[in-house]
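Colleague: Following the hints, complete the assembly by docking chain B onto the known chain A.
Here the protein sequences line up with chains A and B, keeping their order.
Residues in the first sequence are numbered consecutively from 1, following this note's numbering.
Residues in the second sequence are numbered consecutively from 1001, following this note's numbering.
Hints are supplied without guarantee of correctness; some may be wrong.
[As the list claims (entries may be wrong)] Taking lysine-lysine and the PhoX-like style, the derived pairs with C-alpha atoms no more than 20 Å apart in a straight line are: (1) A:K93 / B:K1004; (2) A:K93 / B:K1006; (3) B:K1151 / B:K1178.
Honestly, the hints are just simulated from the structure, not real lab data.
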Amino acid sequence: MVSEDKGMRPSMAVNLGGIQMRNPVNTASGAFGFGWQFEGFYDVGATLGAITCKGVSAEPWEGNPAPRMCEVTSGILNSVGLANPGVAGMLAKSGEYLQGLEAAGCRVIVQAVGHSVEEYVAAVERLEELAPWASAVEMNISCPNIARGGKLVGGTPEDAAEVVRAVRPRVSRPLLVKMGPVRVPEIARACEAEGADALSLINTVNAMSIDVHTRRSRLSRPTGGLSGPAIHPIAVRMVWEAANAVRIPVNGIGGVATWQDAAEMILAGATSVTVGTANLYDPVAARDVAAGLEAWVAEQGVADVNELIGAVEC
Amino acid sequence: MVPKGKAHLHDYVVVDNEGVAEGVQRLVMRAPALAAELMGGQFVNVAVPGDPSHLLRIPLAFSAADAAAGTVELEFAVVGEGTRRLAAMAPDQGATVVGPCGNPWRVGEGQGRSVLVCGGIGVTPIVACARMLVAAGVVFDVVVGAGTAAKLWGTDELEALGAGRVVVTTDDGTAGRKGFTTDALADLLASGSYGMVYTCGPEVMMRGVARLCAEAGVACQVSMERMMTCGFGACNTCNVPAAKGGYLSVCMDGPVFDAEEVAW
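Just chain A, same shape as in the assembly:
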């Protein structure tokens, strides 16, 4: 897309573990719906490098009761409980739109969720069968494992390795693993060893907010996941740790609201940058991040964004 008359536009294309993206900007699962919700704001297919769909299970999940969200300083807490319409439900409503994104050059990453190894396998098998046109599959291993009392499915290197090992042979395209903000270098290495093509991190940070008048949690569950600018510096540090621990590329997620936030992720070692919560309060955030990143790369005097990946000096 380099225009001849300007001539100086940098190359923004990146390769995220086999996913060829026109630019490094992606959207986070759970913060972008299935993409079409944003078509009233801008042309998603013409603008973004990729979108990551809301995580889906093999069958629909109802999720948690209200209230599922409360606002805190510079962030939000949510306890949606991975409510989703299931693979078939997603495709019945949004499949045609998502295929249109692929045709327009915006990569579609479908995400699988589960409460057990068996549920992840069931979800990715349905995605392989029903959504073969999607560029990649991301497995969100920071879901609670029901059989282990709600501990994260991928909360230890051993558990992460187990679930990635089970899923890897069933996915015939690039496989991303979305990690929680725990034991990052070890779990990153475990996922890489089991064949992950790229790592997405971080997921929300487990957190709590209490209404001091009623003495109740402000969510329907005691705790929830913190997202938004409040977690951004934590995410930058963890992306930097992961990028230094593995050879596979890292998809940087966590409180990215502006191009400056995205540029930090790239300097920390992220190949792609994912906009999450900001989409919900600033629906053109991802579009503006893409434009701002390109201007930053040009201002840095390099011809290719790839030259800036991991270029932090410290």
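Modeller: Only chain B this time, still in chain A's reference frame:
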């Protein structure tokens, strides 16, 4: 059919901003494209400048959208830091607003006499509903509730729109009838024949209205409120339990629901 979001991002400028009752503020904003699109019962999600650590927009109902003037009128309860900053915005200040969000009130062709039941800040979308009924030639009566006379508002607007009976209730009896809107609605339903009841207010009030309507065999539409993040179907946080099981989304399936869709 490929689904497509209907909400857009608009700039707004404050035209007028004043108190109308204790704890209730009326803000008139200029946002011409939004004013031309909005239908009664829908809502908007308003950015309030001044505190970057406060991320979320404030989802608000409107009482009037004037396409000719390019303005939208929002009456809101001043309840927290965000609404206090919104109430303090001066004319010519502005930011952005997302809308239209959600689905409008439904008015049937040849619909019989209707009742509008509203309490507290629920008056706002009910005034917009009254405008739709006037446009459709549907006659209507009104029950307006408030905690006290000082918090009461909307009766002038509803009378000016041609409401038949206007019954006022307050919790403490300082204006109108002492008691709840549901007491007044029960009397209306017993005394006449109605084609539809529209309601917005505290959830406990709407639950009572829904029950009275079910008992009387009168159809009822309710406008629900939830803590909300995006307002356009991306985040899945504004859920209401559905009568058939599972959940409904306030911003995508509502905020206007048939009362019988909701598990009260």
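Colleague: Decide, hint by hint, whether the structure agrees.
Modeller: Right, here's what the structure says about each hint:
1. A:K93 / B:K1004: holds (11 Å)
2. A:K93 / B:K1006: Roughly 16 Å separates the two Cα atoms, so the pair holds.
3. B:K1151 / B:K1178: holds (14 Å)
In this structure, none of the earlier numbered hints is contradicted; all agree with it.
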